[in-house]
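With chain G fixed as given, assemble chains V and C onto it according to the hints.
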Amino acid sequence: MPSIMRINRLLLIMSIVLAALVLPACQHRQHDPGVVHLRAWTMWGGDEAEAFQVVVDEFNRTHPHIQVHNLAAVEDTKIIRAIVANDPPEIFTLRDPGYLGSLAGNGALLCLDEFFKQSGLKESDYAPGSLSQCRYNGKLYAMIYLMDCFALLWNKDAFREVGLDPERPPKTLSELLEYARKLTKRDANGRIVRIGMMPPDPLIIISAFGGQFIDPKTGMPTADHPRNIEALEWYQKLIEVQGGAEEVNAFQAGFGQEMGINNPFLVGKVAMMINGQWNPYWFQRYGPKVRYGAAPIPYPDQYPEQKNPTWLGGNIFCIPVNCKHPKEAWEFLRWTQTVEAQVLFASTMHGVPNILAARKERSLREGEPWKRAFAVFMDVANSPNARHFPPTPITGLYQYEIYSAVDFVRYGTKTPAQALRDVQKRVYREMLFWRR
Amino acid sequence: MATETIAPRNRLADWKQSKVWRRRIAVTAVYIVLIALSISFLAPFALMVSTSLKTEDRIFTETIEWIPNPIRWQNYAEALQSFPFLLYLRNTLFVCALVVVGTVLSSALPAYGFARLRWKGRDVLFLIMLATIMLPAQVTMLPVFVMFRTIGWTGTYLPLVVPPFFGSAFAIFLLRQFFLTIPQELSDAARIDGCSEWRIFWQIIVPLSVPALATVALFAFIGAWTDFINPLVYLTDENTYTLAVGLQTFVGRHSSEWNLLMAAATVVTLPLMVVFFFTQRLFIEGITLTGIKG
Amino acid sequence: MRERQRNLQGWLFVSPWLVGFFLFTLYPILASLYYSFCDYRVLSPPRWVGLANYVALLTDRDYFLPSLWNTLFMLIELPLALIIGLTMALLLNHKIPGIGIFRTIYYLPSIMPVVAVAVLWLWVLNPQYGLLNAVLTPLLAPFGLQPPGWLADPKWSKPAFIMMDLWAVGGSVVIYLASLQNVPAHLYEAAEIDGAGAWHKTLNVTLPMISPVIFYNLIMGVIWTFQYFTQTFIMTQGGPQNSTLFYALYLFYNAFRDFRMGRACAMAWILFILTLIATLIVFRTSARWVYYEGERG
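Protein chains in written order, with the numbering used here: chain G, 1 to 436; chain V, 437 to 730; chain C, 731 to 1027.
Extracted from the complex, chain G is given alone in its bound form:
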């Protein structure tokens, strides 16, 4: 029967092809004795991965007995699986620093306090909000390598257009509301073509109001803290003043948040926004003609002690508790804290150094015009009101709940007080569960 023969022939061809493919796929790596090989699983990809590879190459060059191999674009669940299966990499980053609390609380991370004490590094070397992102229950479980911070960016031409002084950004949050109203532009059909202020990350606003996520004394959540409610009420006002939830949502759905030529700020769809320190570099790459300014985030009128608030993020490196080469892994982490390594990474990754001395580096502040804006971010990050989300074992859930609550507030389905009270109910219960 012809088709059987045809199938037989197909199978034969396939086996030959397979054999040809199998042989090259069996590759073996050779390891030299005396050299410790560390696997680093990092979250960065693309340009950022290349920037990190530069850092790794520099380390490998200066530390011939320790070789770090970077695996890029690794997502967190892969790391969790590896930890569970008892075969984790020696060094890894957490894309979501919120995982720190869960991992540390479950004893998956190596405590770095001893290493830190003997390394010669001092607390005073570190910028505010840097080491605190690495601590859980008072112990150090990670090392930070560059931080993110946020400031106000505004389009000077848009300001000029509506009669505002382009060199004078809003200083208080009520001024910000006023400016946002003036800067929102509509076309002949009444549809928004430019929004005054891009609705910011609510966590930033909560922090600006001096809000609180975790009670520092009890360690329990305080989602419905009165300042948090005030912050969301301001947020609601911002949406209303620019046209109300429906209009703003529809307009905002029309642009993505990626950096590129079509970034809404660069194409004039957004007049002001609160965004991170990576923007000045990318602005000059994608929209060199846009005239913009950078300044500290406005503070609430009624709480002047909250001046210069900012929000912090960070890239944290962890060592698993069952690491086979903890000393060598720490060597790498220690090396990232030198001023040279900080400046190297900051200049390629456009993050804020966490070592104070590195922030003063002239090469990061001077030279190209965009570095002046970058310098503003670095200075803003020194503010005593620089805050970050506290490491908790429930950060993933907590943040999801807050964003969810803001969603409800935006659509008007719940009032800020109601939404946050619901959040508090759930995260409090979850925290109790973790404390057991």
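Bear in mind the hints are in silico, worked out from the structure with no lab data behind them. Backbone N, C-alpha and C fix where the C-beta goes; we use that ideal spot for every residue, glycine too. Hints may contain errors.
Listed below are several chain C residues computed to face chain G (Cβ distance under 10 Å; list not exhaustive) [stated by the list, open to error]:
(1) 856
(2) 969
(3) 972
Distance ranges between label pairs, derived from CB positions [unchecked claim]:
(4) V/707 to C/733: 47 to 53 Å
(5) C/885 to G/161: 36 to 42 Å
(6) C/896 to G/85: 37 to 43 Å
(7) C/826 to V/619: 48 to 54 Å
(8) G/35 to V/707: 39 to 45 Å
(9) C/928 to V/516: 47 to 53 Å
(10) G/415 to C/885: 17 to 23 Å
Frame of chain G, contents of chains V and C only:
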């Protein structure tokens, strides 16, 4: 006299003519519907290809530009440089070949057992088999990973290519349904002649099921080609990555360069299109071998 | 003797799958069942808590029950997919020139990478600039209506996903096409002689003969609908306002965001029971409408 002989012939001719016309109208109608539907089905793909040839500033415009102006062919070159396409292609072909062979061979046999034979426990076992795909993968992910780690298979291709040689519940189910449509008389006749079940399977059922087997092969191939989760979980050496994983990491790398992403995605999709287009005849038009089907 | 031989043969044929079941499948399934009765935080050993997870889930009105409802809503897709898939298969079964190209076009959605599909549909569904609303706006304007906000509107987000899934119906179409080849031509001829038109032929010959495969697509559809996850994970992460928080997505969050693997396993087993019940119902009714020409016993 003359009129009587002519009239019936004309009516027959008329009827034949109208049948031809009716068929022409039907065919035209089919074409119209197919073309109309194609437009909506093709739209996302067309958008993908169109974006893959655009310069960055023309990707998001007020009204969609279907024909890029200018056309940027370099997107493809840049995308292909960005991840080792040929290497990943070879790895993918390797995995796909094994998965296809394993799935087809090891699924046809159990399907035969479920469909053409009567034995104790058959229906209960079939239900158990179906039940194994009713549990969401997220919860078995961790124990499966731990299991493979314990036997030392993580970091290799083994977790990807060995399990398909032990049957795939989807394929077994599908083949069982197909095998059940083949008349029992064929098997009975062969049994009376003294054929073993094994021979009946190979010489009667398999040749009659080429469309079904080809469909299973196609699905296994496409499944293995587009699977990014399993290689992502089990492969730790970048040189062993497959195309699907490469594309996934490409997303992380070039998150805002949509034109490059779409170029990479198009490149990864094209081989599948070609495979499907040229192997259609196997499973759609089938190969009739015996005189049973007209 | 014959009976024992027959039983043995049955088990032999099934052995490839059976061995694989014991090797690869049984342990993880039993492990997940055990975990469902435990407080298992992934990184520490599991601790037995009995039915606590199940009770907590079934009384959770904030997330569990809404996620279940969202997933059940998607079952609407099944009859639609069936009708559209069958219709398209019948259309594509004509052996007219160029039909191969059409078949490839309709199958394309199934072979495009998920990540590209997600991004493309986000663009297509964009309320302001997307392709879909660009087409709908002039159509609806004379009636004074505006096109919906799709993924930005909690009322329209699920229908948007249903639309996306129906676009990818090509997979089932291929299965229907393969089974249409198995329909003996002499049955059509016999029907034609009896004077049956196209509609009658379809209803009385085609559908019954391919009913085994319709059955397959129906069962698979139920299983897939209950496990719907990837697109919502990439595109909406459960929003807006939890309207696209599907069961499998909430399960994922429990397992890998909150580290409540015990609860996630309990969710999985509840889902399993629901799927099993739905499948059994379809099986029971199948005796009435599925026709197996080669069935015996």
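Hints and how they fare:
1. 856: 6 Å, holds
2. 969: Result: holds, 6 Å to nearest chain G Cβ.
3. 972: At about 7 Å, which falls below the 10 Å cut-off, the nearest Cβ of chain G leaves the hint on residue 972 of chain C intact, so it holds.
4. V/707 to C/733: 47 to 53 Å: Given range 47 to 53 Å: holds, Cβ gap about 50 Å.
5. C/885 to G/161: 36 to 42 Å: For residue 161 of chain G against residue 885 of chain C, whose Cβ atoms are near 37 Å apart, the range 36 to 42 Å holds.
6. C/896 to G/85: 37 to 43 Å: 39 Å, holds
7. C/826 to V/619: 48 to 54 Å: Distance hint for residue 826 of chain C, residue 619 of chain V is violated at roughly 30 Å.
8. G/35 to V/707: 39 to 45 Å: Between residue 35 of chain G and residue 707 of chain V, where Cβ atoms are some 41 Å apart, the hint holds.
9. C/928 to V/516: 47 to 53 Å: 49 Å, holds
10. G/415 to C/885: 17 to 23 Å: Given range 17 to 23 Å: holds, Cβ gap about 21 Å.
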